[in-house]
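There are 2 protein chains.
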Amino acid sequence: MRIALAQINCTVGDIAGNCRKIVDYIGRAKAQGAEVVVFPELAIIGYPPKDLLLKPQFIDDNLRALKLISSRVSGIDAIVGYAERNADPVGRPLHNAVALLRDGQIFSRHFKTLLPTYDVFDESRYFEPGPDNKTSNLIQIGGTLAGVSICEDLWNDERLIDRRLYHENPLANLSSRGSQILINSSASPFVVDKHKFRIELFSSQVKQFKQPLVYVNQVGGNDELVFDGNSIAFDAGGNVIAQAKEFEEDLLIVDVPATTGTPTGNRIEKHTGGVASIYKALVLGLRDYVTKCGFKSVVLGLSGGIDSALTAAIAVDALGKDKVVGIGMPSRYSSDHSVDDARELAKQLGIQFHIVPIKQVHDAYESTLGEVFKGTEAGLAEENLQARARGAILMAFSNKFGNLLLTTGNKSEIAVGYCTLYGDMCGGLAVISDVPKTTVYEICEWLNATRGREIIPRNTIIKAPSAELRPNQTDQDSLPPYPLLDAILYRYVELEESAPQIISQGFDPETVVRIIKLIDRSEYKRRQAAPGLKVTSRAFGFGRRMPIAQNYQQPIPKLRDPDVAMEEGTEIGWGYEPTMD
Amino acid sequence: MRIALAQINCTVGDIAGNCRKIVDYIGRAKAQGAEVVVFPELAIIGYPPKDLLLKPQFIDDNLRALKLISSRVSGIDAIVGYAERNADPVGRPLHNAVALLRDGQIFSRHFKTLLPTYDVFDESRYFEPGPDNKTSNLIQIGGTLAGVSICEDLWNDERLIDRRLYHENPLANLSSRGSQILINSSASPFVVDKHKFRIELFSSQVKQFKQPLVYVNQVGGNDELVFDGNSIAFDAGGNVIAQAKEFEEDLLIVDVPATTGTPTGNRIEKHTGGVASIYKALVLGLRDYVTKCGFKSVVLGLSGGIDSALTAAIAVDALGKDKVVGIGMPSRYSSDHSVDDARELAKQLGIQFHIVPIKQVHDAYESTLGEVFKGTEAGLAEENLQARARGAILMAFSNKFGNLLLTTGNKSEIAVGYCTLYGDMCGGLAVISDVPKTTVYEICEWLNATRGREIIPRNTIIKAPSAELRPNQTDQDSLPPYPLLDAILYRYVELEESAPQIISQGFDPETVVRIIKLIDRSEYKRRQAAPGLKVTSRAFGFGRRMPIAQNYQQPIPKLRDPDVAMEEGTEIGWGYEPTMD
Chain A
29 MRIALAQINC TVGDIAGNCR KIVDYIGRAK AQGAEVVVFP ELAIIGYPPK DLLLKPQFID
89 DNLRALKLIS SRVSGIDAIV GYAERNADPV GRPLHNAVAL LRDGQIFSRH FKTLLPTYDV
149 FDESRYFEPG PDNKTSNLIQ IGGTLAGVSI CEDLWNDERL IDRRLYHENP LANLSSRGSQ
209 ILINSSASPF VVDKHKFRIE LFSSQVKQFK QPLVYVNQVG GNDELVFDGN SIAFDAGGNV
269 IAQAKEFEED LLIVDVPATT GTPTGNRIEK HTGGVASIYK ALVLGLRDYV TKCGFKSVVL
329 GLSGGIDSAL TAAIAVDALG KDKVVGIGMP SRYSSDHSVD DARELAKQLG IQFHIVPIKQ
389 VHDAYESTLG EVFKGTEAGL AEENLQARAR GAILMAFSNK FGNLLLTTGN KSEIAVGYCT
449 LYGDMCGGLA VISDVPKTTV YEICEWLNAT RGREIIPRNT IIKAPSAELR PNQTDQDSLP
509 PYPLLDAILY RYVELEESAP QIISQGFDPE TVVRIIKLID RSEYKRRQAA PGLKVTSRAF
569 GFGRRMPIAQ NYQQPIPKLR DPDVAMEEGT EIGWGYEPTM D
Chain B
29 MRIALAQINC TVGDIAGNCR KIVDYIGRAK AQGAEVVVFP ELAIIGYPPK DLLLKPQFID
89 DNLRALKLIS SRVSGIDAIV GYAERNADPV GRPLHNAVAL LRDGQIFSRH FKTLLPTYDV
149 FDESRYFEPG PDNKTSNLIQ IGGTLAGVSI CEDLWNDERL IDRRLYHENP LANLSSRGSQ
209 ILINSSASPF VVDKHKFRIE LFSSQVKQFK QPLVYVNQVG GNDELVFDGN SIAFDAGGNV
269 IAQAKEFEED LLIVDVPATT GTPTGNRIEK HTGGVASIYK ALVLGLRDYV TKCGFKSVVL
329 GLSGGIDSAL TAAIAVDALG KDKVVGIGMP SRYSSDHSVD DARELAKQLG IQFHIVPIKQ
389 VHDAYESTLG EVFKGTEAGL AEENLQARAR GAILMAFSNK FGNLLLTTGN KSEIAVGYCT
449 LYGDMCGGLA VISDVPKTTV YEICEWLNAT RGREIIPRNT IIKAPSAELR PNQTDQDSLP
509 PYPLLDAILY RYVELEESAP QIISQGFDPE TVVRIIKLID RSEYKRRQAA PGLKVTSRAF
569 GFGRRMPIAQ NYQQPIPKLR DPDVAMEEGT EIGWGYEPTM D
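These protein sequences, in sequence, are chains A and B.
Residues in the first sequence are numbered from 29 upward in steps of one, following the numbering used here.
Residues in the second sequence are numbered from 29 upward in steps of one, following the numbering used here.
Take the hints with a grain of salt, since some may be wrong.
For identical chains, the list gives no copy identity; a pair is met inside one copy or between any two copies.
As the list claims (entries may be wrong) - Within a straight-line C-alpha distance of at most 30 Å, the following computed DSS-like cross-link-like pairs (lysine-lysine) qualify:
#	residue 1	residue 2
1	Lys-545	Lys-95
2	Lys-324	Lys-238
3	Lys-402	Lys-387
4	Lys-545	Lys-351
5	Lys-273	Lys-58
6	Lys-273	Lys-235
7	Lys-402	Lys-324
8	Lys-387	Lys-428
9	Lys-222	Lys-298
10	Lys-308	Lys-298
11	Lys-222	Lys-83
Calculated directly from the structure, the hints in this document are not laboratory data.
Can you make the complete structure from the sequences, with help from the hints?
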């Protein structure tokens, strides 16, 4: 059986554009003799469509598009993702669906059973699960009975989040009803090393149900999410027999054997892991965010530091060196080497570079505020003014020349709030906001090694990180060393471990409590942060929804003693020093 | 039967504080002879706890708190909301629960059946529905069999969103099993005139099941949501027999008659609707956000316009005039009357007022950018610099003196993006961001009439709204009149109507398409907006989750013609002019 895996880059909401692309791929698959071509989940509307799904007109338009596409289908079957209305007057209004298009008609409709509602996924907000997955998701293609499922239907596994979320396993239902091959239409976003886990998980499912599996993933960036492609096919023995490109559109033609073994015609692309895959994901995510928003070029501040250097390198790989503008904005506290390092980076990358000193604006702020600040000591307020002057200058560039401003903060500093709201946090996209500082270093080393030259200047890598908002400042004046910070961050944010749990692993209690406190009280900053590209299992932003005006304190020592807890009014936990910076 | 409705103001995450409050109210209810005291939904942890629920330690702490509270219960029953672990190893890890506390023990546990997952609600993200509501939610209190339910369990009604979302009606189950009274523990956030609908809905449920109903709501602000209290009791005939205060904590003692009629001891507080209730909700929401974040005072820019005037008035009512600082920041384009109107407002409110002209900073920006902007025409970039200078000055105040910055944009301007990111959008709380401009006027007129004097200066109300970023600018240079804008906004955002639907109601097609386009393309600004207090059925922010890099266009004319849609590449819909401002 010859199946085409149409790994396309869908733009959310762009029904007309996605529609044209689907018709194009159907034609190409037919030309290559495929019996059936499979598209990603919700391909007509792009994943994730979010609250566009609440617009009745949007659903109408997507249904009309499905009909249009079906009218172009002949001599091949197509399985196309779309949003279907729930025929039952009770329940969520929609189904997450695929249609089988055949002979110019919508031949049959099939609904998703398991609806992910965790992390970045909100599917219970919109969809009703398929009413009877047991019978309705089997389709006859030529002589083969195929079992159709959609994304999460493949993922009912306790390894994912230490727990099985669903009582049902749609694959077991399909298999028990006689399916001979499993076809899955997906939109599975990138997380570092997730593809390795996918292969392991899918392979174990295949071995359990003893039939081939074809998995078609979306590719491309949609806001925070980057879909890595990596569509894949297994034979009935759980062996990989074909794999599509990573981070690129691809039409993968797969000859699925009746038993096991790889037919010689199949293509198996390599996939990367680790920092290399993070870099590729960020390049794709940046490119798609910029172009899908309708921009052609980007601007960013180059401080001479490693975060802006990496962001600039990613932008150049995503858009080309002519589409990236760097601005150096030295202050009275900037070291000479900062501007030199920034200039050297711009030279290495071949991008435009302007220098716009902030001294004059900084002086004007100080003089303007002199009266009302009289008698106070210079501190945070004055430091932040410099970052905000830079933010305003960059936004003026963006407004004037129409290039999207990139913000360059990494996950470690955004976690602890070591960044200035409306200052260095200004920008339309936070390119590396889900990359911990230690990983930023690793990526830069990898990049230089891979390219065989110092794209990221050596001095930028070896010097002590500094915000340069006061004389001789370094990050480590305020923060523990990044390897320590990142280790605590990982446990607290990605693993949801508590202070006592982290401390029990040998970390200094005071440091742990301090870091957790900083993370918790920086929530208000992150609420106003630019969307950031997700690469870890738990990114700040849409997939981590924390209250701001809250007072949960770890540990709660007084609660352990009922009599004290009830009588004492104010001494619970640590004090809270509010700032807004 | 005497029931106490403990309408308390819970702080999210503040387990120790909520715990103390619950114990205090149990004591007071007992002192007044109540047989049972009922607390709001998730009272121990506050509603909505969001992703705090994903922290295992947080769940442990809340369970420990429940046990502590139970140890203090004697001579009265208490029904207390908390998060319970799901005993089934498969499914979501938690239940949204109440416990019946009796004689120093946790006597029984009861789980929510209907889990709202729409608008601002995300309960399917965390909770598994109660496994068998039919039997397990009945409790014996004295001689009465009471049916317990939690919030949404009362709301399975198609009037809410034009559709029944759930197949089950927990009240019908309770009633068919013999319940004699219905007790509901809730956290139901304020939306203008929602309480009128609650009374109608609850009363119709009561009439259907022919038994009294007691509904206990949370009160107070938690981030975007304001809980209005308004706890209420009905006799078996569907008549209101008691009602708690609105927007205040209250312990309401209700004698529930065996049949119908209001026992003389019951208290029925009045509730307000319309603009008066919006004003009260904003006062409470502001006060709680500021104090629960640990701040004592606020600062805001006073432009002489109506939005900042209303915001200042709300802040004074919330915190007292000594806790509010106003800053006037005239520019070279500010009219004389702007500063006069701002000063007059400050005088009327009795608040501190400083004048910090932005001329010097504005000049410094222009001079700094002169070189790189040479040969370009002044426009948006230059206008925004003024707004950003103001934002930075206000943030410097906030950083220096520790007062929370309030941002003052209304819903109409945030909808169409008539505001400057990192400029007038700076701030920790957007007080009136869910209030359309026409409603801002109504509230101000109501406020002046109610107070019997011109709190909001007459000139501020009658002059044409202006951003004053260029000479003689008014809002209506760029926007249609606000009554028209607000009418389209309401249909597009609150009702989810499409362009063709709105146009079919007699609105000018060009204006409709233009407004919708402005709303859609301002999504990236709103993503970085401060949290705003929700007062309408659909607020921007957490309850409206839109993609940014999307390309849905209404209408999609070319899609109506299949042959054209497929062949033409670029002429679909309107063009998109990206800006980042």
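Cross-check of the supplied hints:
1. Lys-545 / Lys-95: Intra 54 Å, inter 27 Å, cutoff 30 Å: inter-copy only.
2. Lys-324 / Lys-238: So Lys-324 and Lys-238 fail the 30 Å test inside a copy (49 Å) and across (65 Å) alike.
3. Lys-402 / Lys-387: both (21 Å within a copy, 20 Å between copies)
4. Lys-545 / Lys-351: between (40 Å within a copy, 27 Å between copies)
5. Lys-273 / Lys-58: This pair counts as within: shortest intra-copy Cα distance 20 Å, inter-copy 69 Å.
6. Lys-273 / Lys-235: Intra 24 Å, inter 62 Å, cutoff 30 Å: intra-copy only.
7. Lys-402 / Lys-324: between (46 Å within a copy, 22 Å between copies)
8. Lys-387 / Lys-428: both (21 Å within a copy, 21 Å between copies)
9. Lys-222 / Lys-298: Within one copy only: 15 Å inside, 57 Å across.
10. Lys-308 / Lys-298: The answer is within: 13 Å in one copy meets 30 Å, while 61 Å across copies does not.
11. Lys-222 / Lys-83: between (33 Å within a copy, 23 Å between copies)
Consistency with the previously given hints fails for number 2 only.
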